[in-house]
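Q: Residue numbers for the sequence shown follow the UniProt record's numbering, beginning at 1 and rising by one.
Rather than coming from a laboratory, the hints here were simulated on the basis of the structure. Be aware that a few hints might be false.
Below, a list of computed lysine-lysine pairs in the DSBU-like style, where the Cα atoms sit at most 30 Å apart [to be verified]:
1) 311 / 78
2) 75 / 228
3) 261 / 247
4) 168 / 334
5) 264 / 177
6) 101 / 75
7) 307 / 242
8) 288 / 307
9) 75 / 27
10) 334 / 228
11) 233 / 75
12) 75 / 103
13) 103 / 222
14) 101 / 29
15) 288 / 261
16) 101 / 159
17) 148 / 138
18) 228 / 261
19) 8 / 78
20) 101 / 127
21) 127 / 148
22) 306 / 168
23) 177 / 159
24) 128 / 103
25) 8 / 51
26) 222 / 242
27) 334 / 177
28) 138 / 27
Have a look at the derived ranges for each label pair, beta carbon to beta carbon [said to hold, decoys possible]:
29) 272 / 79: 29 to 35 Å
30) 83 / 143: 47 to 53 Å
31) 142 / 25: 24 to 30 Å
32) 30 / 215: 58 to 64 Å
33) 142 / 233: 43 to 49 Å
34) 215 / 18: 54 to 60 Å
35) 57 / 247: 38 to 44 Å
Only a predicted model underlies this, so the values are computations on that prediction, with no experimental measurement involved. Just so it is clear, CB atoms sit at the ideal spot from N, CA and C, and this is done for glycine as well.
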Amino acid sequence: MASIQKMKNGRWRYRVSYKENGKYKTKTKGGFRTKKEAELAAAELEGQLHKGYDINAGDQLFSEYMRNWYEVFRKGKKSEDNDNDIRRAVEFVEKYLPDVKLKDLTREMYQKALNEYGETHSTASVKKHHTYMRACLKEALADGIIYKDPTFNVVAVGKVEPKNEEIKYLNYEEAAKLLRVTFGNLQQRYISRYIILFALATGARFSEIIGLTWDCVDFENKTVTINKTWDHKYKKWFDNTKNYASKRTITVDDHTLSILKDLKRKQAQLAIKTGLRNEHNLVFINSKFELVTNNAVNKTLRLLCKKANIKEITCHGLRHTHASMLLFKGVNIKYVSRRLGHKDIVTTLQTYSHIMDEMEQKESRQVDATMTELYNAR
1 MASIQKMKNG RWRYRVSYKE NGKYKTKTKG GFRTKKEAEL AAAELEGQLH KGYDINAGDQ
61 LFSEYMRNWY EVFRKGKKSE DNDNDIRRAV EFVEKYLPDV KLKDLTREMY QKALNEYGET
121 HSTASVKKHH TYMRACLKEA LADGIIYKDP TFNVVAVGKV EPKNEEIKYL NYEEAAKLLR
181 VTFGNLQQRY ISRYIILFAL ATGARFSEII GLTWDCVDFE NKTVTINKTW DHKYKKWFDN
241 TKNYASKRTI TVDDHTLSIL KDLKRKQAQL AIKTGLRNEH NLVFINSKFE LVTNNAVNKT
301 LRLLCKKANI KEITCHGLRH THASMLLFKG VNIKYVSRRL GHKDIVTTLQ TYSHIMDEME
361 QKESRQVDAT MTELYNAR
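Start from the sequences and build out the full structure, keeping to the hints where you can.
A: If you want it as structure tokens, here you go:
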């Protein structure tokens, strides 16, 4: 039987006695505005006890519960892409609902978290997180850990739709100018310059570049294997690639290999001189044996673009530059897609549709010229 009491501050509380493992225990909760609210809450708790629910299970943080749910029930069960999507949903909970217990999670709290995220992210991104959080909470509901569905009638909408603006990249002449000014002062303390040159030569993503380790550089066969990334934002540790196709081995030109050999030699010399250790065997670390951020590389890149008197682009723009140069040179699009680590060739076609259109126009002119030559040869 529940005991209802009025507190000194004018609010009401309930105290419910129950038996667990042969021992009597009590559950107390206060802060109710009216006696009726306290009575209803106590009756709901007694109903849960009567059904055999563990009324203390909901004391676990939502973030901890979801991470364990992922590790036990979902990890490795489907694709690597699926694992990455769920992990990002877990990271969402850790950021936007960090100290919320399962029993305290309400529809309002859940909706506000989605709303806040949706202010700066696309609807598709919001819906993806909502899908996995809802799946997790549905299982908590089925297990009797929570008694109401906090995702009921929640609306997952983002206010920023995916950008359709034209991608920024350098043409061949601009890339050559950037290469010259970047190559002019290569020092380990300016590790951003090495990253810029490598991005231009390989089209690799920034997270793939800073996650590259020396054991993945094959100087003899002139290849680099990309099989992991570095999570600079959350984990500060190695992470999976974007998708299964992003794990790849690509060829590297002699000039870039020579630059990498020089960097490795400098790292070894500095390690002997300073006693510093490259604990994770990373390729692109500065003279303090530390990684640099994407913002730091972009800052250096902007300065170099100004020095070369070319338009400014980001580190990701170097990836587009690499792909564009290959496509304009007539390299097979299937090979370009594999080299970039795209999930499929459709992604490549969609990303570089403007380039494909330009190439089609160029080829159309070549067809016209060919037919003109043919008629002139009569």
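Q: Which numbered hints turn out to be false for this structure?
A: 1, 7, 9, 13, 19, 23, 25, 29, 30 and 33
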